[in-house]
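Participant: All chains, full assembly: derive it from the sequences and hints.
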Amino acid sequence: MDMSFIGSDMTDMSITGLQGPSRGRMGRRRLEDDDDDDKDFKSKNLHAERRRRQKLSDRLLTLRSIMNKATIIEDAITYIQDLQKTSQILSDQLLEMEGSSEEGGKPMRIEADAADDMKKCGIKEEVKVTKIDGNKLLIKIVIEKKRGCFTKLVEAMDYLGFELSETNVTTFKGAMLISSCLQGTYGDTLMVEQTQELLLEIIRNI
Amino acid sequence: MKVYEERCCSDSHSLTVCQGMATNSHNTLEDNLNLSSYNHHSHEDASAALELEIQQHYLLDNTTTNNSHLIPQLTQELSYDQSNWDADQQSFNMMPSSSSPEAAYSSTPDLLNLFHLPRCSILPNSSISFENAPASSVVYDPLFHLNLPPQPPLFRELLQSLPHGYTLPVDDKEFSGVGGLYHDGDNGILEFTRDISMAGRGKGRDKAGKTTKHFATERERRVHLNDKFQALRAMVPSPTKNDRASIVGDAIEYIKELLRTVRELKLLVEKKRCGQERSKRLKPEDAAAAADAGDVERKPLGDPDQCYNTSLRSSWLQRKSKDSEVDVRVIDDEVVIKLVQRKKINLLLFVSRLLDELQLDLQHVAGGNIGDYYSFLFNTKIYEGSSVYASAIANKLIDVVDKQYAAAPPTISTCL
Chain A
1 MDMSFIGSDM
11 TDMSITGLQG
21 PSRGRMGRRR
31 LEDDDDDDKD
41 FKSKNLHAER
51 RRRQKLSDRL
61 LTLRSIMNKA
71 TIIEDAITYI
81 QDLQKTSQIL
91 SDQLLEMEGS
101 SEEGGKPMRI
111 EADAADDMKK
121 CGIKEEVKVT
131 KIDGNKLLIK
141 IVIEKKRGCF
151 TKLVEAMDYL
161 GFELSETNVT
171 TFKGAMLISS
181 CLQGTYGDTL
191 MVEQTQELLL
201 EIIRNI
Chain B
1001 MKVYEERCCS
1011 DSHSLTVCQG
1021 MATNSHNTLE
1031 DNLNLSSYNH
1041 HSHEDASAAL
1051 ELEIQQHYLL
1061 DNTTTNNSHL
1071 IPQLTQELSY
1081 DQSNWDADQQ
1091 SFNMMPSSSS
1101 PEAAYSSTPD
1111 LLNLFHLPRC
1121 SILPNSSISF
1131 ENAPASSVVY
1141 DPLFHLNLPP
1151 QPPLFRELLQ
1161 SLPHGYTLPV
1171 DDKEFSGVGG
1181 LYHDGDNGIL
1191 EFTRDISMAG
1201 RGKGRDKAGK
1211 TTKHFATERE
1221 RRVHLNDKFQ
1231 ALRAMVPSPT
1241 KNDRASIVGD
1251 AIEYIKELLR
1261 TVRELKLLVE
1271 KKRCGQERSK
1281 RLKPEDAAAA
1291 ADAGDVERKP
1301 LGDPDQCYNT
1311 SLRSSWLQRK
1321 SKDSEVDVRV
1331 IDDEVVIKLV
1341 QRKKINLLLF
1351 VSRLLDELQL
1361 DLQHVAGGNI
1371 GDYYSFLFNT
1381 KIYEGSSVYA
1391 SAIANKLIDV
1401 VDKQYAAAPP
1411 TISTCL
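Chains as they are written, first to last, in my numbering: chain A, 1 to 206; chain B, 1001 to 1416.
Worth flagging that the hints you see were computed from the coordinates, not collected in a lab.
Among the hints, a few may not be true.
Claimed, not checked - In silico EDC-like cross-links for lysine to aspartate or glutamate, where the CA-CA straight-line distance does not exceed 20 angstroms:
#1 B:LYS1280 to B:GLU1270
#2 B:LYS1322 to B:ASP1250
#3 A:LYS124 to A:GLU49
#4 B:LYS1344 to A:GLU98
#5 B:LYS1343 to A:GLU166
#6 B:LYS1272 to A:GLU166
To be verified - Here are the simulated distance ranges between beta carbons:
#7 B:ASN1226 to A:GLY134: 53 to 61 angstroms
#8 A:THR185 to B:GLY1385: 33 to 41 angstroms
#9 A:ASP40 to B:ILE1252: 41 to 49 angstroms
Beta carbons: idealized from backbone N, C-alpha and C, even for Gly.
Facilitator: Shown next as structure tokens:
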């Protein structure tokens, strides 16, 4: 009961070092004195540990006390520079490693699966355009998700003078759904059918 | 010219002498100018200088015969220069001089040349009161180009702030010890020396407030400290206000950010290294076989050269500029980017281009127009194999966005 409790404490405080020199005493004493010895070790270690912690905190306090505004600022500057250097070194290292690794195989595989997924779920590519308030059109586009498809879409739209304002894009099962408010970049009114045709054209070319 | 008149005082003559030695210029007008300004800066010093000089002349084994004439000439020169001053500058009567103006005028340049003594020995600034005067105090002296020895900034400031009158209150703290300067006649000179020496050595002049020596170092320290604050501010990527508290606050945030970045980078490097070692081991196998054996790869514990670092990579950053705001959060391989910019350019276009470049796969985008601003949220996934890190993303983003914003012409607001 007692022993086990003390035993766990002993390991916690890692006083294994103390057991060495005191083993002689342990050997000589009887079992009933083990309690006292263990308690002795515990308290000795406690004292030692406490003293060590006290010493550390005292020294830290002194360090803090000798700091004045100027040295604090200087230290901060030095520390920041140091961190910047470290991060620069690490990022260079990373860049270097980037070149030597070969991981190109995986993304292609994922994309190939995407088209399959989409077909399996019955999701079809589509474009739907409706007119809402004023100059705005609401569009809904479903396309097969490919790397960089969204960029191409937005670029094409920008080229045609379309500007997306309120936009929501989600991806699901290898398909991408874009629902967005569309306006003319230069404030011109957009016709529904015309827009629909243009968008379909864009999608076919992506 | 009038300024000089007003600033003349009983010691002007003594300063004349010292000044001449300091600058050693032949241009009398310039001399007078210099003298007057020098006059402003160290009355007591000059008088003490004169005093010292006299002592030195007595003590030194002068090499030139000229020097032996110095002392008697000095005393005479005092009045000469005074009259010279009067003659040239039409100053009001400070000390009735006896000698003729012409003689004084002609002798002044010679006298100036006569003093071959080195500057520092003449002027007691460096030796007596201002031995500890930091060199940087000289920098702030507008008369620095004249190569004057370090002047007590105290005097300079006070005197510069009194363009018209030379009346300094006697009970002014800084002058308390040498208050007698302006009122005593010859006695004053001797007293000045004593006072100056006291000022230099004694720190316990609490009655007087800050001693001149303290004032110099205190000011220098303050300016120095402000420079350091500015340096700190310059290092921070997006500084906000220019007051000390914000600077320190920004620095704290930046340091925390740097620590996060470094931690993230270390993790990435570690992972990359593990990946490379693993791929090296698998090299003899087919690429297809490696893909099939993907399960083996994903169980690092089975590998002899396993990565102990299986901790989750997480990091975040914020960057603010004048018109844009970027917030990037990375957890493992998912990156969430929030972007707010004043409505002007087609944000979606540029951002989606950049995301492709950074090898980020768009999963979800949501956003639109809010008042004057565009606000967007991007959920992305890092493509496998890419080791892009948070701060790179944020920095690039804010760069591109700002650049495009700046490049775009101002748009005509369209009413919708």
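Participant: Decide, hint by hint, whether the structure agrees.
Facilitator: Going through the hints against the structure:
| no. | hint | verdict |
| --- | --- | --- |
| 1 | B:LYS1280 to B:GLU1270 | 15 angstroms, holds |
| 2 | B:LYS1322 to B:ASP1250 | 16 angstroms, holds |
| 3 | A:LYS124 to A:GLU49 | 71 angstroms, violated |
| 4 | B:LYS1344 to A:GLU98 | 36 angstroms, violated |
| 5 | B:LYS1343 to A:GLU166 | 12 angstroms, holds |
| 6 | B:LYS1272 to A:GLU166 | 39 angstroms, violated |
| 7 | B:ASN1226 to A:GLY134: 53 to 61 angstroms | 55 angstroms, holds |
| 8 | A:THR185 to B:GLY1385: 33 to 41 angstroms | 37 angstroms, holds |
| 9 | A:ASP40 to B:ILE1252: 41 to 49 angstroms | 47 angstroms, holds |
Violated hints for the displayed structure, listed by number in ascending order: 3, 4, 6.
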